[in-house]
Each structure stands twice: as structure tokens, then as C-alpha cells.
Amino acid sequence: MTARIIRVLIAKAGLDGHDRGAKVVARALRDAGMEVIYTGLHQTPEQVVAAATQEDADAIGLSVLSGAHRYLFSRIRELLKACGMDDVLLFGGGIIPREDVSFLQEIGVRGIFTPGATTGEIVDFVRREVGTRRRESL
Amino acid sequence: MSLAQRVLKGDARAAARLISMAEDGDPAARSEMESLYPHTGRSYIVGVTGPPGSGKSTLVDRLTERLRLERKKVGIIAVDPSSPFTGGAILADRIRMQRHGTDEGVFIRSMASRGQLGGLSYGTYDAVQVLDAFGCEIILLETVGVGQDEVDIVRTADSVLVLAVPGLGDSVQVLKAGILEIADILVVGKADLEGADQVERDLRGLQEIKGGEPQEWLLPVLKVEGLSGVGVAELLRAIEEHKEYMSRSREGEARKRQRLEAHLERLLAETLMGQALEILRRSGKWDDAVARLGRRECAPHKLVEELAGHVLSSPSSR
Chain S
1 MTARIIRVLI AKAGLDGHDR GAKVVARALR DAGMEVIYTG LHQTPEQVVA
51 AATQEDADAI GLSVLSGAHR YLFSRIRELL KACGMDDVLL FGGGIIPRED
101 VSFLQEIGVR GIFTPGATTG EIVDFVRREV GTRRRESL
Chain H
139 MSLAQRVLKG DARAAARLIS MAEDGDPAAR SEMESLYPHT GRSYIVGVTG
189 PPGSGKSTLV DRLTERLRLE RKKVGIIAVD PSSPFTGGAI LADRIRMQRH
239 GTDEGVFIRS MASRGQLGGL SYGTYDAVQV LDAFGCEIIL LETVGVGQDE
289 VDIVRTADSV LVLAVPGLGD SVQVLKAGIL EIADILVVGK ADLEGADQVE
339 RDLRGLQEIK GGEPQEWLLP VLKVEGLSGV GVAELLRAIE EHKEYMSRSR
389 EGEARKRQRL EAHLERLLAE TLMGQALEIL RRSGKWDDAV ARLGRRECAP
439 HKLVEELAGH VLSSPSSR
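Protein chains in written order, with the working numbering: chain S, 1 to 138; chain H, 139 to 456.
No lab work stands behind these hints, which were simulated from the structure alone. Be aware that one or more of the hints could be misleading.
[Unchecked claim] Pairs of lysine-lysine, DSSO-like flavour, derived with a Cα cap of 30 Å:
1. S:K81 with H:K423
2. S:K81 with H:K211
3. H:K211 with H:K394
For clarity, every value in this text was computed on a predicted model and none was experimentally measured.
Turn these sequences into a full structure, and let the hints steer you where they fit.
Next up, the structure:
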């Protein structure tokens, strides 16, 4: 009862109906003992950040298969910053061309998982990253 | 500024963090919760319970829509099950409510049941208090999908809505003890589906064959179509009426007292149990008792008597 359980928000934003990947990742994190809040499809970045706030998420995982990853990740990062939620781990995956990966890393997306990534890698990544950023007191 | 002070000022992040800390059993949460306590007791708590997939989240979404027209500040706590094997959970009640996600007058929090079997989680009680102090006028508390026996909600909510849907059994099901008994309002969900009228008739029939003293509160049975929102206004009116009834009746008084007692009892049991186990483990009595039990030297009831006697006479329990 006194253990801290990692809470991850898995989100799908914009005009993108493909959520198989998001569900696979959600399931893997669940099986790794985390609490996964799934937002459902077609969310705006504002909805994603509001959900992360209310749910006190340690991490946000965004799945993008629509090609809008540059905009969506940037906007979410921006909103997190505006809310003082820089400490929330932002990661994601989907169909993301190699040349965009460095752009996303630069704006603060800590992990990008493209086709071929294993669920084990993602679980390890979340554990490692959230583990090191123990919630600072507000 | 402390977290509690920030919650009282309406800071959503602080409220969210305090809920997590309380639910994780973080010792720092305790003093914050203590300073919030005098500011609680203002919210009206409506419990929503029913089988998995019966439309609880959709109903909560619809109720919220109406309540926002009246500009009421709404708190939502939605519980989903934790895995008994890994402790992990998928919390997906938000999906049905996301349109309220960016409305500052609505605070939605998903919680995992974390091993509790009554339909709620330990953290739910604290979350209700945080949202109460946060200024939510009404808190909609959605349980995990329940079967027949998960009735903790009645010890937490002021009004309990039980959802029934077509297709889950015949008229004998509604005779059984348990979940239907705790309803203040019975809701026939998915009323647009075939069989809804039969469910309504069965539930009303249940009222007619009820013996005993005539009840002051006649359990309403209301049909609601979650998808279209038909029936939601009537349901809100029934909730208002029940609220009014609870505020003036002896039953309302008694229920309030029962709830306080149940809460206190639960905390006391937790604290005493923790202390007792510590005393027994430290003195070696615990391991010794388990071994004797395994060798069939002593029956469990007899052993527990001994153990309880040891705890009560131990100097550290005074």
C-alpha cells in the first residue's frame, strides 16, 4: 500500500485513428506493474496536458502515425512548460522518419520508439527515466 | 505554500499530486490531509455503480454535461481494476469524458483499485476529500465494474445510483441480496436496447413485493439512454430529490453517522493491525504461531486468542 506506482498517460492526438500500437504499449506497461491512463483517440494537445495534470502522470507516451509528430510533440512540450510540468517525461512512437528523430530529441522528447522497437525496451526506458526523476515536491 | 493551501486556492496540479501521495501512502500526505479536513464536508457525493460495460462512464459524462450547464464545479473519480498479478492497470474511464478534460470546472481523476475488492480503492476516500476541499460542489464517484457484492460505495456516497442493463439475467436476479439493495436510485441504462422495458418492469416489481415497513423513500427506477442523453435531466432531478430527502430524514442522519463510523473503523483496523503484526513479529510469536498451526498443534481460533492476549499485554501497545 505504500509503494509508489508509476503512472503513465498513453495518448493519441489529432486526426489519427490507428491505436493498435498505443494499446500494445499500454498493455506492456500494465504488465510491468504500472498504471496506464489511456485517453482514447483524437485528443488535442490541450486535452493531453490537462489529463496529465489531473492524473498526476509521471510520463506521457504519445503515439503518432499521422505524420503530424513535429507539431504534436512540440505543442505538448510547450504546454507542459507553460504549466510548469517540465518534470513530466515525454516519449513517443509511431511512423517517424529518421530525419525527424533528432528534431524531436532536441525539443525534449526523451525516447522515440519506431517500428521494430520491443515492448521490453519501452518498459525499461520508462522505469529508468521515471526512476531518476523522482517527483520533486511542488 | 503547502500543497493543502494550494488545493484550497483551486490549484489543480496540487490537488492531483496530493491524491497520488495519499494513494501511495506517502507519509508527507498525512499532515496535508489533516489540514484539509476542516475544509471538507461541502461536496455532495454521488456514487455510480453497475456491471462492467453497463455505461457508468458515459452516464457520468452525461451528468457532468448537465451539471456544467448549471455552472456547478464537478469532481469525477473513476476507479478501474488493478491486475491481481502485476499490480498494473489500464485506466480508461476518461475516454468517455474527455470533452470535459479542458473545462476548468471539471476535475477528472482515474484510480486503480489496488487490491481492494469493494469496488473502490483505499485512496478513493482521500481523493474525495481532496476534491471536496478543492471546491467541487458535486463529486461523481464511479466504481469498478461490479458483480453482485461490491457495496463499499454506500459507505462513501450520499446518493448511490445502481445501473442495470438489458441482457444480464431474469427477474430472479433482482431478488438477490447485494448490489441492488444499496441503490437510492435505480437506473436502467442503454434504454434504447431491446429488453430495457423488461428490466424496468423487473426492478419495479421488486419494489412491489418488498415487505416490511412502508419506506419513506420510494426507490425510483429511471430509464436513461447514455448515447443520446435522453432521461439524464430526469435522473438529475431524482438525485436532487434524494439529496433533499437525505437532508431532512432520519435515514439521512443515520447514514451520515454510519459513514463516519465505517471510515473510522477502517482506519482503526488498519492501524491496530499494523501495530499488532509488528509486536508479534518482533517478539517471534508470529513465526512460532505459524509453525504451530502448520504442525496442527493448535487450532487457529485458539492461537488468535493467544496472539491477541500477547499484543494487548505488551508494554508497547499501551
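Quiz item: Against which earlier hints does the structure fall short, listed by number upward?
Solution: 1
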